[in-house]
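For the working numbering, count along the sequence shown from 1 and bump the result up by 2.
To be clear, the hints were calculated from the coordinates, so they are not data collected in a lab. Among the hints, a few may not be true.
Unchecked claim - Derived lysine-lysine pairs resembling PhoX-like cross-links, with alpha carbons at most 20 Å apart:
1) Lys41 - Lys13
2) Lys109 - Lys50
3) Lys91 - Lys101
4) Lys3 - Lys26
To be verified - Taking CB as the label site, the calculated pair distances span:
5) Ala51 - Asn107: 25 to 31 Å
6) Gly103 - Trp148: 39 to 45 Å
7) Lys41 - Lys13: 27 to 33 Å
8) Trp184 - His161: 53 to 59 Å
9) Ala62 - Trp184: 16 to 22 Å
10) Asn33 - Met117: 30 to 36 Å
11) Ile165 - Asn54: 53 to 59 Å
Just so it is clear, CB atoms sit at the ideal spot from N, CA and C, and this is done for glycine as well.
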Amino acid sequence: KQLPFAADSLKGISQKTIEIHHGKLYAGYINKSNEIKDKLQAIMENGKAEGNQSYSELRALKNGEGFANNGVYLHEGYFAVLGGDGAPKGEIADKLAEKYGSMENFKTYFSACGMAARGWAILCWDMHEKRLMQYNCDAQNHGGVWGCIPIIAMDVYEHSYFIDTGSDRAIYIKAFFDNLNWD
């Protein structure tokens with residue numbers, strides 16, 4: 003998917019970072035996902051699928067499938083929420099203020115979750131709980147919760163910010179919120 007904003011339009015997240023993040027990393031997940039799909043299709047068609055929980059080609063492909071596909075889906079969610087002015091608005095802002103006591107409390111909590119995560123901080127709608135929940139995952143295929151729909155996906159892997167802020171993730175998280183598109 004194309005970026006919904008100009009790569010040079012964000013505050014605190016450089017054009018270079020966005021171009022590498024979208025044009026190389028995200029594109030790489032798409033390419034790898036397609037490659038895995040082709041290999042799995044060939045295994046299904048030849049009728050000789052063999053699985054082993056220690057190691058097998060099928061096990062490796064299935065693990066890679068979850069990682070690559072979640073890499074695609076989470077990055078699409080990440081890019082989709084960027085490009086705004088960062089001003090909270092709408093029903094989601096009202097619900098977050100209600101749940102967390104204020105929008106500032108939500109931002110503080112979500113930012114702390116982003117500092118604690120190794121990969122992603124995700125606000126989602128938990129279809130089992132029937133409420134907004136925040137979950138972290140250290141890797142795209144570890145920590146996701148079945149039955150949850152991501153609403154705000156914040157990538158906190160180093161590739162998201164290291165060019166711009168070095169190891170100062172907190173500055174990046176502030177920039178993420180400054181560019182959040184609440185529409």
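Taking the hints in turn, this is what the structure says about them:
1. Lys41 - Lys13: Not satisfied, since the Cα-Cα distance of roughly 41 Å exceeds 20 Å.
2. Lys109 - Lys50: violated, 51 Å
3. Lys91 - Lys101: Given pair Lys91, Lys101 holds - Cα atoms ~15 Å apart, limit 20 Å.
4. Lys3 - Lys26: Judged against 20 Å, a Cα distance of about 13 Å means the pair holds.
5. Ala51 - Asn107: 25 to 31 Å: violated, 50 Å
6. Gly103 - Trp148: 39 to 45 Å: violated, 29 Å
7. Lys41 - Lys13: 27 to 33 Å: violated, 41 Å
8. Trp184 - His161: 53 to 59 Å: 25 Å Cβ-Cβ, so the 53 to 59 Å window is violated.
9. Ala62 - Trp184: 16 to 22 Å: For Trp184 against Ala62, whose Cβ atoms are near 40 Å apart, the range 16 to 22 Å is violated.
10. Asn33 - Met117: 30 to 36 Å: holds, 31 Å
11. Ile165 - Asn54: 53 to 59 Å: violated, 41 Å
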